[in-house]
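Dock chain A against the given chain E, drawing on the hints supplied.
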Amino acid sequence: MTKREQILLSIEAASQRIGTTWPLYSFVASNPLSGYEKLSFENAVKEAEHYLKSKSYPSASVYRTALENNHIDKSILEGILREAEYYDNPEAYLNQMENAPQKTSQPQSKLDVIMTKWLAVFMDEGMAEWQMPNKEKGFFKAWKALASYDKDIGKPSLKHVPDDSVDAIEQVLSAHNISNYNELFTAHISALPGWTGYIKHRTNTNTVWQQQFPITIEDYLAVRLTIANHLGFSLEVDKKPKEDTPDTKLKHLWLKAWEKTFQDKLTLNLASQAAQNTLENKADLPDAQMVFCIDTRSELIRRHVEASGNYETFGYAGFFGIAADYQHYQEDISVKSCPPIVGSPYKITEAPLENTSVKDEAFKRNKKVATSKTRILKRLKNMLPSSFGFVEGSGAFYGLSLVAQSFMPKVFLKLKNDKNEYESFCEPQITYNDTTQKAIALEEKVAIVKSGFDLMGWEQFAPLVLFVGHGSKTANNPFASSLDCGACAANPGRHNARLLATLANDKDVRRVLAKAHNINIPKSTIFVGAEHNTTTDEIELFDNQVPETHKMSLKALKDNLLKAQETATAERLGVTSGSIALAQAKSINWGETRPEWGLAKNAAFIVGSRKLTASSNLDGRCFMHSYNWKLDPEGKALEGIMGGPMVVTQWINNHYYFSTVDNDKFGGGSKVTHNITGHYGVVQGNGGDLKMGLPLQSLKSTDTDMYHQPLRLTTIIHAPLERVESILRKNKHLQMLLDNEWMYLKVMDSSDKNTIRTYTKNFNWHPEKINVSKVKIENVKVTNIDIN
Amino acid sequence: MKANPLDQLNKRSTLSKVLIPLTWFIFLLSAGLIVYYFSAFPSWRLGGWIHINGFSIVIYAVVSFFSGIVQMYSANYMKGFKYQNKFLLLCLAFSLSVMLFVVSNHVVLMVLFWFLMGAIMSKLIGIDSEWKEAKHASKFARTNYYGGTLCFALGIAILVFTTGAFSRTEILLNLESAVQWQITLASLFILTAAIIQSAIFPFHRWLLSAMTSPTPASALMHAGFVNGAGILLTLFAPVLFKANILLLIFIIGGVTAIVAQFSKLLQVNVKQKLACSTIAQMSFMVMQCGLGFFSAAITHLILHGFYKAYLFLTAGEEVKNALPKPPETIIIKPLQAVVITLSAILGGVFFSFLTGKGIALDSGLFLTFIVAITVGQVVYNILNHANVAGVTKLIITPILIIAGVGVYALVFNGVTLLMYDMPMANVAVELTAVHIIFGIVFLIAFHIMLSGIYRKIPWLYVKLMNVSQPLNKSVISFKTK
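Chains E and A, in that order, are what the protein sequence lines are. Under this note's numbering, the residue at position 275 of the first sequence is numbered 275, and the numbers go up by one with no gaps. Under this note's numbering, the residue at position 118 of the second sequence is numbered 1118, and the numbers go up by one with no gaps.
Extracted from the complex, chain E is given alone in its bound form:
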């Protein structure tokens, strides 16, 4: 192996030590420690603590609160502690954890400051009018061309430094006596994990910015090591700590106790539902059926929608199985509209309906005017000396805007967004995502529709079937996209929902479904796309194509959805009256940092029929995917669910976990001092590392009080055990996640009287003893909400 290859391999390995930082315009909740998943959770966080200087467990005070609120059951905790040979009482261990010495670390900060300066200007995505010169040559070369003017590093002469970044790294290394490249690279890459994580994002997804202005981890290291060398910094890195501190072991046990407390409640709940024997009852035909995303926020709205009328609801990944990019009609960009782990062979585009050319032209005109308005304003603000005159001429109007935003945000918003929604006159279409842009073949359309019904275990069709995507509406919120549909790569799910409805309404599609697949959709059934606004719980229907015959039932449905909105917001916000107005106010308030809670509190993923959960209030803590084990004898659908949604929910869950336990490192810190950089990310205050995760306000109700409970995900699948096991055996990656305890898996074994069994390492299934008879089943569907 040449030295070059050795360097490249070491860099590759070292890059696994950091996570990926996603841009805020498409915020993906990913596990920041995904590169450590080959290790057990306990060892992985220990490694991460060393490399990233991060915290890995909730703090002692969080555990104390959880214990006081009975979120950690005392007897469960004592049991777990005793098993691990800790015989004192919990209070003593709490004190021990509280008094544990804090680790302090001192990274080389000058190097970090210089690096952030250059990284920020290079990776800018259009914020600066004057971009870093020579950007198109790539980071290392562009930096080299400018570095000789940089007084921060003493205006060095870099003539002897090679042009290629790996050569440059080699040159620095040969000047020092370094044996372990891996450790060295890891230390330098993880010194600024947010920024290097964004480099990873750019190289992994090869964004348009990356294509024009390439940057690699090699470039980063070359610049960093060259500067370090030039400033005479030592390249030594601190060695691994030998022993793990006793309190991490304790903290791990407390976490387990907390998780077990939650799991016991949940399994008890599910087991009692199963024991009621209601699972086998065939339901009457509902007035309408609605498909929601597996998102935890759907749990709440589904409960309230079901309570508002004779409706059946399903859970399905919110991109509705359409692996596509979306060509925006409003802006000239194309965005991913399916999970980032899935490719996009298709593209969704919009086409105006017949006889809507007037509307369409008006829309396009407005769009053009809006673009030129932004452009002209930008130029006037930038130019000398018009910027001074501009401020004087427009200052008074900004004054009026301040008043309007503060006192009449609704009116202000209306004046600002005069554009009409294009969904009212457009229909989505699906094409191949290549240069041909041809409409896709009929069989492929059929396959998309069919797989939806297969995965959800669909049995009968109501006259109205709604595909409900979801999106959020918040104001002045850099993290807006973190509240949108994760399955649509942090975009609103409306486009995919509308498209699936269009496909399912297609006569040819229905014909093939009936003929080739024995899926008979009655003529009277109409599919409608919709979107659940998770900030206000409004469900917007895209019903411009619904025939007259269904207008009456549609009207009734809309009325009930309004009722559901009222009760849902009342429960979510904890108020008894004016809940819709309050939710709407939060959604448009420019000073609101907690417009909604996103997926906070998520803790479990339930795969099975809605009947298992229909009469429980799961408090928005569960992802739910519909699944009917009877209709899936070969386990194909289940394999799809476990390989797709289950992994994604684990990502989301781990993201929330780590963002919560170390908000400064893995999260975004407080919104109060955020500073948006480059149009894609935030830094705290004056700069520093790029933030890689959710902000404090998405996870905690105050700076000190928790909202999200940091628990690892528990997946519960209702299916024959054997089927689940064979899927795990086939998919080593899934088995690894379970064996390493990144998540839990429980199976409600339909082949054995619905006994619940918990997976433990190497296919040991541990049965749970649940005494259902003691439990009084309450109908807690919509509890204690008094609406006046």
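Hints were generated in silico from the structure; no laboratory data involved. A hint or two may mislead.
Derived Cβ-Cβ restraints for the label pairs, each shown as a range [unchecked claim]:
1) K359(E) x K1325(A): 25 to 33 Å
2) A1031(A) x S553(E): 50 to 58 Å
3) L562(E) x L1022(A): 37 to 45 Å
4) L1022(A) x G232(E): 54 to 62 Å
5) L1089(A) x S553(E): 52 to 60 Å
6) I1331(A) x T435(E): 28 to 36 Å
7) G1452(A) x D508(E): 21 to 29 Å
8) S174(E) x K1333(A): 55 to 63 Å
Within a straight-line C-alpha distance of at most 27 Å, the following computed BS3-like cross-link-like pairs (lysine-lysine) qualify [what the hints assert, rightly or not]:
9) K1325(A) x K378(E)
10) K1139(A) x K410(E)
11) K1473(A) x K117(E)
12) K611(E) x K260(E)
13) K151(E) x K1132(A)
14) K110(E) x K1139(A)
15) K373(E) x K1325(A)
16) K117(E) x K1139(A)
17) K151(E) x K1473(A)
18) K381(E) x K1325(A)
19) K1325(A) x K368(E)
20) K630(E) x K515(E)
21) K1082(A) x K1473(A)
22) K155(E) x K1456(A)
23) K551(E) x K523(E)
24) K1333(A) x K378(E)
25) K515(E) x K438(E)
26) K117(E) x K1132(A)
27) K1393(A) x K110(E)
28) K1135(A) x K1333(A)
29) K367(E) x K1393(A)
30) K117(E) x K1325(A)
Quick caveat: nothing in here was measured; it's all calculated off a predicted structure. For glycine and all other residues, C-beta sits at the position ideal for the given N, C-alpha and C.
Positioned in the frame of chain E, the structure of chain A alone reads:
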């Protein structure tokens, strides 16, 4: 029903509920007084200590307006922040210290409240006391402010010594009897205090390092605190005239304006970009003082306050998924050039007509010149970039210009009228070669920006980038947070 733990997130805190109406009451009271007295605003005195006139009430209205807006915003924005109440009280204390400063007449009060403004602002910058970077930023700002206070105190002390008076109004009355070199020295100290507060070069770095303060505090800082130079120079306008340093003030402002505006172009994060813009705008305000038009400077600080407060409070909207765009090339066709020049002249004439500036051959011309170039710029941009029909352009262009220039002139005239009893606040100075040179420099800078030549000068890029960096320790210090 049990208490909802999230209740506090659904409503305003008790402190906010008290302070917000109180602030708006002060605003309405000031606005009411302005409307009631307008051009004949009386002046009230409390011995040699307090002096209230039209100018102070203008500042009252402005400060209470910003304070009200920022408090309403913070009532939501700062929810759950561990120092929420401390933050609200500091904001209130800051507003009060500005208000007390502008009505202070006794020199001891003036120095005291000037000091308090800085002390409170530095507390806001470092409000998160567990955050090392914020601590450094706060300390750095404090050092600057205390230095400013010291300069101010020295300047005042010299004035007291040379005029024998202890109140500002009396000092101004006794100027004739004072020793010239002492006046000059005093005004240089006062000028230094002023430009420290307004973050003018070489004292700009504290502002660029002050993003550790919560967003609404930044709004207050950029719409309120940094206006210090405008207010201070206005209050001591006759001293500056007497010391004959107006041209120096003009030059300091002019140089910083150009450097800051170019630095703004290369900023990649929203708050630093706004900070560079603030520095440029404050420099322009200082230039206006240097032209002898202190009332224009006050007008500028008010209008800029609206503009900058709005941009800070909406700074969270800057996340965008955009495509790379090559820099635009500028082509002005001959016919367009004629139209642009013509409309620029018309715009200038319109402004002159409304304000009486630029009629005589004095520094008023410079003010009109800026307005004219802006009008030309607006016309150019609409001609070239607006995606609307020709007829529409023909209609909206004059409307926009008349509205913009008209409203500006209106505010300017109003402020000037209210400041009628401020000595030497609106006196044109002689037009000198320096003014003309700066006019030409502005035109050249304008041309450089249009043509984009600056993009081809890498050393300038690095130079400006380094000049506009925050204090190192306020970016990343030894991070143990």
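Evaluation of the provided hints:
| no. | hint | in the structure |
| --- | --- | --- |
| 1 | K359(E) x K1325(A): 25 to 33 Å | holds, 29 Å |
| 2 | A1031(A) x S553(E): 50 to 58 Å | holds, 56 Å |
| 3 | L562(E) x L1022(A): 37 to 45 Å | holds, 39 Å |
| 4 | L1022(A) x G232(E): 54 to 62 Å | holds, 58 Å |
| 5 | L1089(A) x S553(E): 52 to 60 Å | holds, 57 Å |
| 6 | I1331(A) x T435(E): 28 to 36 Å | holds, 33 Å |
| 7 | G1452(A) x D508(E): 21 to 29 Å | violated, 54 Å |
| 8 | S174(E) x K1333(A): 55 to 63 Å | holds, 59 Å |
| 9 | K1325(A) x K378(E) | holds, 14 Å |
| 10 | K1139(A) x K410(E) | violated, 41 Å |
| 11 | K1473(A) x K117(E) | holds, 13 Å |
| 12 | K611(E) x K260(E) | holds, 24 Å |
| 13 | K151(E) x K1132(A) | holds, 25 Å |
| 14 | K110(E) x K1139(A) | holds, 19 Å |
| 15 | K373(E) x K1325(A) | holds, 17 Å |
| 16 | K117(E) x K1139(A) | holds, 22 Å |
| 17 | K151(E) x K1473(A) | holds, 17 Å |
| 18 | K381(E) x K1325(A) | holds, 18 Å |
| 19 | K1325(A) x K368(E) | holds, 17 Å |
| 20 | K630(E) x K515(E) | holds, 22 Å |
| 21 | K1082(A) x K1473(A) | holds, 24 Å |
| 22 | K155(E) x K1456(A) | holds, 19 Å |
| 23 | K551(E) x K523(E) | holds, 16 Å |
| 24 | K1333(A) x K378(E) | holds, 22 Å |
| 25 | K515(E) x K438(E) | holds, 25 Å |
| 26 | K117(E) x K1132(A) | holds, 19 Å |
| 27 | K1393(A) x K110(E) | violated, 53 Å |
| 28 | K1135(A) x K1333(A) | violated, 54 Å |
| 29 | K367(E) x K1393(A) | holds, 17 Å |
| 30 | K117(E) x K1325(A) | holds, 22 Å |
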